[in-house]
Structure formats: structure tokens, C-alpha cells
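Trainee: Take a look at the letters that make up each chain.
Protein chains: 2
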Amino acid sequence: MSSPATRPEGAAPTTSGTSAHEHFWAVIPAGGAGTRLWPLSRQRSPKFLHDLTGSGRSLLQATWDRLTPLTGSQVLVVTGAAHVDAVREQLPGLPADQLLAEPSPRDSMAAIGWAAAVLEARDPEAVLGSFAADHVIGDEEAFRECVTAAVAAAADGHVVTIGIEPTHPATGFGYIELGEPLGAGPAHAVSQFVEKPDRERARTYLATGRFRWNAGMFVVRARVLLDLLAEWHPELAAGLRALAADPTRLEQVWPGLEKIAIDHAVAEPAAAQGRVAVVPGGFGWDDVGDFASLGSLLEDAVGMPGVQVLGDASQVRLVDSTGVVVPASGRLVALVGVEDVVVVDTPDALLVMSRERAQDVKGVVEQLHVQRRTDLT
Amino acid sequence: MSSPATRPEGAAPTTSGTSAHEHFWAVIPAGGAGTRLWPLSRQRSPKFLHDLTGSGRSLLQATWDRLTPLTGSQVLVVTGAAHVDAVREQLPGLPADQLLAEPSPRDSMAAIGWAAAVLEARDPEAVLGSFAADHVIGDEEAFRECVTAAVAAAADGHVVTIGIEPTHPATGFGYIELGEPLGAGPAHAVSQFVEKPDRERARTYLATGRFRWNAGMFVVRARVLLDLLAEWHPELAAGLRALAADPTRLEQVWPGLEKIAIDHAVAEPAAAQGRVAVVPGGFGWDDVGDFASLGSLLEDAVGMPGVQVLGDASQVRLVDSTGVVVPASGRLVALVGVEDVVVVDTPDALLVMSRERAQDVKGVVEQLHVQRRTDLT
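Each protein sequence line maps, in turn, to chains A and B. Residue 148 in the numbering used here sits at position 148 of the first sequence, and the numbers go up by one each step. So the numbering used here is basically just the index in the second sequence, starting at one, shifted up by 1000.
Please note that the accuracy of each hint is not assured.
[Said to hold, decoys possible] Listed next, the in silico DMTMM-like pairs over lysine to aspartate or glutamate satisfying Cα-Cα at most 25 Å (straight line):
1) B:1362 / A:339
2) A:196 / A:180
3) B:1362 / B:1375
4) B:1362 / A:340
5) B:1362 / A:320
6) A:362 / B:1312
7) B:1362 / A:366
8) A:259 / A:180
9) A:259 / A:231
10) A:362 / B:1340
11) A:362 / B:1320
[Stated by the list, open to error] Some chain A residues well away from chain B (every beta-carbon gap over 12 Å; in silico):
12) 32
13) 33
14) 80
15) 139
16) 172
17) 174
18) 183
19) 241
20) 334
21) 347
To be clear, the hints were calculated from the coordinates, so they are not data collected in a lab. The C-beta atom is built at its ideal place from N, Cα and C for all residues, glycine as well.
Using the sequences and the hints, build the whole thing.
Mentor: Rendered as C-alpha cells:
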């Protein structure tokens, strides 16, 4: 594999991209409990299974809808064994042998790497694009153009990430620093990945214009991903390839796989060697990290300025109040004289929260874990 | 009847008071929807039927418990026809013929006057003490001492009210100005009744030391009350006496009765003529007018400083929050980063309110009335 930074100027990435497109598969890791969206999101019914935008489609379904114009049915979903039935129900178009059920969570490298190994075995030329099941995209057409450019860059042997144009100095995401442009396309070399910064550092990043949010989207040849993994985590790579060769070994192999995020296992060391590219994307992206974030994705309810309702707004009554309301129990929800409040009303648990403390709902979930209230988490 | 202000100095009110005690009846008007305690209090299940102090007894039952040491079973309850069954169930010791069912609400003069007429017919010497079914008393022994003094003064022919020692410049209550002492007992003449004042005026009242809260407690001979009423509202007095003489005429007579409060019908005009006495009371009183008031009656929940819970505190989870929580649906209630909030969680309606806006819940109830959501009011 040649280092992307040394690819000759003027080489046309679109040529190989076009052919690569036929080999392109979407991989959708559908995991994570979405603790900061409790009590709507639960371990048994996590975030990706919920319609969090009022579109009528769950985040998982919206991810499918967004990718299949590019891939057709070339989609692999990797999810926890507990969610297999729900995923099948929500995605009737997903072929049965394209749903991988993890016996237990072993972090993103095992999940995506397993999918990569399965694809590599089916098609040695396979290019995979990994996109989380629980993110929201604004401009889907722009997203697909960006992915198409990433597929082209991946076909040339790069690990390609998509760098989201930041809209504010967020402290909840990692950042990607752009390096030199790679040829005529939109791809750049990655100068570095950086961890979640503090507010001041985030401001500095934005001021340079060279930093993008890391949304955890990777596009890469399946074989390239596994070969790179084999350089730094040979046992993990071997285990995943063994799984793909003999799926009956799942229960035996899976528990021994190293638990590591794809960023640490491959993306960061590969970037340090100049082997990662980034395609900047300006399509509007949100990871719906908490209820404040969810509120910002919703329009104000009709006749309710400053109030976003996820669900049936006719169940909400207001007197001088603003905030985010999720009436998910069928009951009437009345707000009087409260500002920037979050109210999430489910059949067995109610959350009332200050919007600016939206991250701190995890404190409630932790209490419930300690108290073994698994009925509520 | 002699005017109380002209009763000879040195006359011993306790003599007639002692004998009057045998003729003393408690009258409990059990009415009012308690709109400002919505959604706990409803038209179908009003405030007085609820345990709002966590004592295990409803406000009505607590009123019974507080009065029967003085009256035995000499208690009349006047309530709406819709609540007769609930009152019977809550007060099994109340004789059936001592529960008066109003066909429709016709304000406090008709309710108390009807009870007075019934008592007058049974016992021409009857003294009635009228005490709302939905108030809370702190020191019950002090309350009963105060009532006993009022009964003595009433036996002498006064209309006696109990003036609650104010603890703050409340703007939600009327006030009573004390006049000269009446003899050796605690009773004073009433200088005037004044309507709910603004904050500044209330402060002025408190500074004088002469003003008491008007809690709507009246102690008076049944005959005196009706004779006074006959002076200013002869048709109403005649109607009530006709009802007592022939209970079968209820449906015919009741709808034509004048709708007026006892304060306006009798207490204020009688006070202007120097015929009203007041016994000051310092026993701790609250009309549980709204959820802020309710919170102030409750202790902080164990391990939850600044949080008052009416109900099962084990259903509440907190992260940096204060306020009043009523978990009345059996669901978990979690608060995160909210201060001075009121959360009332019932099976079909949820209220989230700023504590300082506790009066404004009536705005929600008004909306529901306009929308004919009688299922929720």
C-alpha cells in the first residue's frame, strides 16, 4: 500500500472511485445505550431504535434511508444480540445474513472489524463505510456526495474519515486537523486526531479553520483496515478473520477479542504514519448526544415559541414556559413558569431537568445502576 | 340580642360558655375544587378528600379528628351531591342525617346557613362553629382552646370569628382588625374586616399588631346567624328555614337561594354594627392554597435537603435539585439541576411548575375548561 501523502499529483481518484462504488458496503454499528437520553433510551430499547426527530423513522431507519441510495442492499448491521429482533423488524429490507449479532459489547474495533472480515471474505475488493446508527444528518445529498468522494479516496488505499465542519466550539467531540490536499479531490491528509478539547482550545481550533469534528465515520477497503489492524493488534485481526472464515466459532472467539475503539486501534496510529485521509463535510450533523441537542434538532411546536415537542404536541399545555418536552406516556404535560426545562414523560419514569444540565442525566442512570433498578435502565 | 360591644364589663362569658358547650356543633363545609392544587385535586376528587400532609388522613378526616374531641358526633358536613359517597366512606362515624348534600354550589352563606337552619330546628340553643374541610392546623390543642373561648363568646350572642396570628404579610387572605377587648376572655370586638391587601398594605397591617388573618372560621348561635341574615337577606334566611322545616323541598328551594359568601352576607355588615367578636388564635394554620404552600407544610425528605415529597420518597431521584415532588402515579421521578420546582405526577396528568408561580396553575385548568377536557379537571 502506498502512503496517500505520496500519491502522485494529478492521479484521478474518480476512476478507481467509480469502480470501487460497486464494491462499496455500508456498515452500521448499532450499539450504545444512549444513557444521556434516559428515560427515553434504555438498555433494552436504545437510542438508535427511537424516532428522535419526529420524522416517523427511527435513527437506525433514517441511517438506512440515507445510505441505501448509494449502496442498495449492500448494508451490514452489527448490533447486540438483544437487539437483533428489533433491528430485523425496523429494517425489513436487510438480508438476514447481513445482520451480525455481537454476543457482548467489545467496542467499535471488534464490531467494525468483524464486518470488515465478513466483507473481505465475500469480496476482496470490498470498500466499507462505517456510519453509526444513531446520528442525524441535515443535508443527505451533500452527505452522499461526501461519502462518494471518500469511497474514491479509500479505493486508492487510504483510511478515509469524514471531517464535519464545526458550527461551534464543541467540547464533546474529538477533532481532526486537516493536512495537505490529496490530489484534485476534496480529500486532505490528516495532520492529527485530537481528543475532546476544553472550551478555549476548541475556540482556538475553530479560529484556525483547519479543524473538523470527528464523527467516527470511516471509509476504507476491508482488506486495508484488517491489514493495518494486523500491524498493531495482530491477535485481534486474526480473531476477526477467523470468525469470518468460520462463523460457528463466534461464541468461542468473541469473548477473547481485544476491547478497543477503532480510533485508537487503527485511525490514530495510521494517521501518525500519514496513511489517513479526511474528506471535509458540511452537511449538518448531530450525534443527538443529550436532550438539549435533541431540542436543537426540532422546530418550535406550532403556537409554542421556545418549546420543542418530540411527540404529540396536543398533549402539552403551557403557561409562560420554554424547553423540550417529550410526552411519551399519553398523559397531559403542563408546564407553568419554567424556562429551558427538559421534561421527558415515559410510562414508567419521568425526567425533569434543566436544559443546561442535560449531560447530567447520567447521574440518575448511575444511581439506578447502583440500586440494581434494571427495570428502569 | 344585645350588641357584644355593650355587654357589661365583668360578665363571665365562661358560665354561658360551659353550658353552651353541650349545644355546640361543628359544621364542616366541604366544597371547592382546589383548582390551584391541580392535577392532584380535581372537581371529582377535590382537595378536602386528599391527604396533603402525608399524615395518612385526608384534610376532611383531619378536620373531623380535630373537632370531635370538642363535639363528639355533633358534626354536620355540607358537601356537593357528587361527593356524598366519598365523604361517607371517609367519615364512617358521621351519622347519615348529619350529611347535607347540596344539589349545586351556592356559595358559603347557603351552605352554612342550611346547616344553621337544620340545627336551629333540632335545638334552639345550638351554637355552630363552621370550619372548612380543607385547612391544616398545627397545634390542635391550642385550636380547641381557641374554639372553646369562641363558643363562650357566641353563647353571649356574638358572631365570633377566629383571627389567625399572621406569620408573614400574606396577600392571599383577608384580614380582621381587632377592636377593644370584650371582658376578661380573649375575645375582642372586630373593628373591621378588610379584603386581601397588596404586599405593602399587608406589611403595614402586621406592623400595627392589630390585624389577624381571616380564616373563615365562624362560631355563632344558629338562631343568631339566621336572625342576622334575615335582617339583610330575608329571602335567603326564609328559604333556609323552609328547607330545614321540610327537607323534601330541597330540589325546589335550593336553586333559588341567593349565592353569596357568609362574609359579605353577615360578617361584614354585622361587624359594622359592632356585633362581631374575634378570638385571636396562634395555633399555626394553612389553607394549603397551592403547591408552594403545601411544600411549606412538609418536612424535607430524608437525605434530600430542600426537597419536600408528598408520597413515596423512594420513587424520587435527585441530582442537584430542590422543590416539591408529588409522585402520585407510581412512576420514578428524576430531577436534574432544577431549583424550586414543583412536580406533580398523577396517572393522567403531569404538572411541572416553578414554585414561585404556584398560583398560576389555574391558567392550565382554565385552558382545559375551555377545551372541555372535563376528564382532566
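Trainee: Going back to the hint list, which numbers does this structure go against?
Mentor: Result: hints 7, 8, 20 and 21 break, sorted rising.
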